[in-house]
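What follows is each chain in one-letter form.
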Amino acid sequence: MEKNSFSNKIQLIQINKFGEILRTDNVLIELKIGENIFLLHPFFECLKDIVNDDFNGPKNIAFPCIAMEINEEKFICDITIKNERDLFVILLFNFSKHYQEVHKETQEKNRAMLKEQSYNFENRMKKKKD
Amino acid sequence: MNIAKKVVLLGHFGVGKTSLVRRFVDMAFSEEYLVTMGVHIKKKTITINGEDISLIIWDIEGKNNIEEARKSYLLGSHAFVYVFDVSRPETYENIESEIDYIKEHFNSIPYCIVGNKADLFTKDFSESFFDKEVFKNSYFTSAKTGDNVETMFAEIAQKTLS
Ligand SMILES: Nc1nc2c(ncn2[C@@H]2O[C@H](COP(=O)(O)OP(=O)(O)OP(=O)(O)O)[C@@H](O)[C@H]2O)c(=O)[nH]1
Ligand SMILES: [Mg+2]
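The listed protein sequences derive, respectively, from chains A and B. Numbering-wise (numbering that gives the first Met the number 0), the first sequence opens with residue 0 and increments by one. Numbering-wise (numbering that gives the first Met the number 0), the second sequence opens with residue 0 and increments by one.
To be clear, the hints were calculated from the coordinates, so they are not data collected in a lab. Predicted, not measured: the structure shown is a model, and the values here were computed from it. Check each hint, because a few of them may be wrong.
What the hints assert, rightly or not - Every beta carbon over 10 Å from chain A, so not counted as near; a handful from chain B, in silico: (1) Arg21; (2) Phe28; (3) Tyr32; (4) Ile47; (5) Glu50; (6) Ile52; (7) Ser96; (8) Ile98; (9) Cys111; (10) Lys135; (11) Ser137; (12) Lys143.
What the hints assert, rightly or not - When the alpha-carbon atoms are kept at most 30 Å apart in a straight line, the in silico DSS-like pairs for lysine-lysine are as follows: (13) A/Lys31 x B/Lys4; (14) B/Lys42 x A/Lys8; (15) B/Lys102 x B/Lys42; (16) A/Lys103 x A/Lys114; (17) A/Lys128 x B/Lys122; (18) B/Lys143 x A/Lys127; (19) A/Lys114 x B/Lys131; (20) B/Lys70 x A/Lys16; (21) A/Lys114 x A/Lys127; (22) B/Lys143 x A/Lys108; (23) B/Lys70 x A/Lys126; (24) B/Lys131 x A/Lys126; (25) A/Lys73 x A/Lys58; (26) B/Lys102 x A/Lys58; (27) A/Lys47 x B/Lys41; (28) B/Lys42 x B/Lys158; (29) A/Lys47 x A/Lys73; (30) B/Lys102 x A/Lys8; (31) B/Lys158 x A/Lys16; (32) B/Lys135 x A/Lys96; (33) B/Lys122 x B/Lys41; (34) A/Lys58 x A/Lys96; (35) B/Lys4 x A/Lys108; (36) B/Lys70 x A/Lys8; (37) A/Lys73 x B/Lys122; (38) B/Lys143 x B/Lys41; (39) B/Lys62 x A/Lys103; (40) A/Lys58 x B/Lys70.
All C-beta atoms, glycine included, are put in the ideal place defined by N, C-alpha and C.
Using the sequences and the hints, build the whole thing.
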């Protein structure tokens with residue numbers, strides 16, 4: 000993974016349990032203080048359950064490789080949620096470039112395997128017919 | 000009141016998870032195979048018994064075993080849709096152990112099994128081929144024609160309410 004200019008790839012957002020944004024450095028996504036993060040994208044809407052008082056899962060949760068489109072811009076981020084008493088810190092790591100590289104490889108591999116397996120299916124169907 | 004339910008699509012690569020979501024949410028289909036990296040999350044609101052329910056659908060990258068899936072993706076899930084490809088035995092050979100895994104680790108969470116690409120059925124190869132116990136109550140869908148897709152999502156949504 001690229002190490003240079005690392006800091007301009009991470010956005011730090013602080014929210015309360017109602018999803019209100021209390022702090023944001025807007026490195027990747029332009030957000031406003033007081034805005035509700037649950038409304039930003041369905042990924043964040045799912046955090047409702049995690050920042051809830053009843054949630055008894057881990058205090059820090061890492062979500063790798065989340066594809067998002069926000070304000071017509073596409074990202075692939077690793078997202079970490081940290082529970083710090085009544086507040087929550089969300090860290091967005093923009094790894095789009097890295098994931099795009101991995102994607103190319105997987106795409107090639109999977110497409111070839113799918114083609115082969117579909118070919119096998121067609122053959123079996125032909126045999127059945129004859 | 001707005002109810003939101005997280006539904007995670009599971010299954011091997013290329014079985015049509017993304018295509019099912021695209022059919023359901025955007026009413027579209029593409030023959031082109033574009034591998035999903037990580038997860039894409041889509042939302043659609045439907046009405047069940049006069050009540051609005053938002054399905055937040057997690058379309059995750061294909062894995063041959065649920066165990067290989069990233070654990071945080073499954074966190075807080077309200078339902079699972081396990082998709083296989085009717086034309087590729089590779090995608091349902093281990094389905095029993097996959098379902099056992101769901102039952103064991105997500106005991107009270109509803110799930111359903113979906114045989115997709117049902118448009119590939121022929122006179123000699125049809126639903127009746129899938130007569131093993133595990134396939135009982137499975138849905139057979141086609142993201143290509145749209146067959147059974149809405150029904151499947153509506154019924155799994157219904158299950159999250161009870
Ligand atoms: N004939 C037919 N083809 C389908 C159907 N659904 C999907 N496909 C094709 O199958 C291929 C894979 O579809 P995807 O929806 O990308 O599969 P996926 O499960 O999301 O794959 P991963 O993201 O790699 O896990 C594509 O070429 C689709 O056009 C279907 O119902 N019928
Ligand atoms: Mg996909």
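Do the hints match the structure? See the list:
1. Listed as outside the interface, B/Arg21 is consistent with that label: its C-beta sits roughly 14 Å from the nearest C-beta of chain A, beyond the 10 Å cut-off.
2. Taking the minimum C-beta to C-beta distance to chain A, about 16 Å, the non-interface status of B/Phe28 holds against the 10 Å cut.
3. The Cβ of B/Tyr32 sits about 6 Å from the closest Cβ of chain A, inside the 10 Å cut-off, so the non-interface label is violated.
4. Residue placement check: B/Ile47 keeps its beta carbon more than 10 Å from all beta carbons of chain A (closest about 19 Å).
5. Consistency note on B/Glu50: stated as away from chain A, and its beta-carbon is indeed over 10 Å from all of that chain's, at 18 Å minimum.
6. A cut-off of 10 Å between C-beta atoms confirms that B/Ile52 is not in contact with chain A; the least separation is 13 Å.
7. Every CB of chain A lies more than 10 Å from the CB of B/Ser96, the least distance being 20 Å, so the non-interface label holds.
8. The non-interface label for B/Ile98 is consistent with chain A: the shortest C-beta to C-beta separation is roughly 22 Å, beyond 10 Å.
9. No beta-carbon of chain A is positioned within 10 Å of the beta-carbon of B/Cys111; the least distance is around 20 Å.
10. At roughly 24 Å from the closest C-beta of chain A, the C-beta of B/Lys135 stays outside 10 Å, upholding its exclusion from the interface.
11. No beta-carbon of chain A comes within 10 Å of the beta-carbon of B/Ser137; the shortest separation is about 19 Å.
12. Under the 10 Å C-beta cut-off, the non-interface status given to B/Lys143 relative to chain A holds; the minimum distance is some 13 Å.
13. Of the supplied pair hints, the one linking A/Lys31 and B/Lys4 holds, its CA atoms being roughly 27 Å apart against a limit of 30 Å.
14. Straight-line distance between C-alpha atoms of B/Lys42 and A/Lys8 comes to about 27 Å, which keeps the hinted pair within the 30 Å bound.
15. A C-alpha spacing of about 26 Å is found between B/Lys102 and B/Lys42, which places the hinted pair at or below 30 Å, so the restraint holds.
16. Proposed proximity of A/Lys103 and A/Lys114 is supported: the alpha carbons are some 17 Å apart, at most 30 Å.
17. At most 30 Å may separate the alpha-carbon atoms for a hinted pair to count; A/Lys128 and B/Lys122 meet this at roughly 9 Å.
18. Between B/Lys143 and A/Lys127 the CA atoms are separated by roughly 24 Å; this keeps the pair inside 30 Å, and the hint holds.
19. Straight-line distance between C-alpha atoms of A/Lys114 and B/Lys131 comes to about 27 Å, which keeps the hinted pair within the 30 Å bound.
20. A hinted pair counts as satisfied when its Cα atoms are at most 30 Å apart, and B/Lys70 with A/Lys16 qualifies at roughly 23 Å.
21. With a C-alpha separation of about 20 Å, the suggested pair A/Lys114 and A/Lys127 falls inside the 30 Å cut-off, and the hint holds.
22. Proposed proximity of B/Lys143 and A/Lys108 is supported: the alpha carbons are some 23 Å apart, at most 30 Å.
23. Between B/Lys70 and A/Lys126 the alpha-carbon distance is near 42 Å, which puts this suggested pair outside the 30 Å criterion.
24. Our distance criterion of 30 Å between C-alpha atoms is met by B/Lys131 and A/Lys126, whose separation comes to about 23 Å.
25. For the hint pairing A/Lys73 with A/Lys58, the CA-to-CA distance comes to about 28 Å; that is within 30 Å, so the pair holds.
26. Proximity of B/Lys102 to A/Lys58 is assessed by CA-CA distance (about 25 Å); at most 30 Å being required, the pair is judged to hold.
27. Under the criterion of a C-alpha separation no larger than 30 Å, the hint pairing A/Lys47 with B/Lys41 is consistent with the structure, at around 16 Å.
28. For the hint pairing B/Lys42 with B/Lys158, the CA-to-CA distance comes to about 18 Å; that is within 30 Å, so the pair holds.
29. Simply put, A/Lys47 and A/Lys73 have alpha-carbon atoms about 23 Å apart, close enough for the 30 Å limit, and the pair holds.
30. A hinted pair counts as satisfied when its Cα atoms are at most 30 Å apart, and B/Lys102 with A/Lys8 does not qualify at roughly 39 Å.
31. Restraint check for B/Lys158 and A/Lys16: the C-alpha separation of about 28 Å stays at or below 30 Å, so the hint holds.
32. Simply put, B/Lys135 and A/Lys96 have alpha-carbon atoms about 43 Å apart, too far for the 30 Å limit, and the pair is violated.
33. Among the hinted pairs, B/Lys122 with B/Lys41 is inconsistent with the structure: their alpha-carbon atoms are about 36 Å apart, more than 30 Å.
34. Taking the CA atoms of A/Lys58 and A/Lys96, the gap is about 29 Å. The hint holds against a cut of 30 Å.
35. Of the pairs offered as hints, the one joining B/Lys4 and A/Lys108 is violated, with about 33 Å between alpha carbons and a cut-off of 30 Å exceeded.
36. The hinted pair formed by B/Lys70 and A/Lys8 meets the criterion: a straight-line CA distance of about 24 Å does not exceed 30 Å.
37. Distance check on the hinted pair: A/Lys73 and B/Lys122 sit about 44 Å apart at the alpha-carbon level, beyond 30 Å; violated.
38. Taken as a hint, the B/Lys143 and B/Lys41 pair is honoured in the structure, with Cα atoms around 19 Å apart against an allowance of 30 Å.
39. Taken as a hint, the B/Lys62 and A/Lys103 pair is honoured in the structure, with Cα atoms around 17 Å apart against an allowance of 30 Å.
40. Taking the CA atoms of A/Lys58 and B/Lys70, the gap is about 15 Å. The hint holds against a cut of 30 Å.
In this structure, the hints that do not hold are numbers 3, 23, 30, 32, 33, 35, 37, in rising order.
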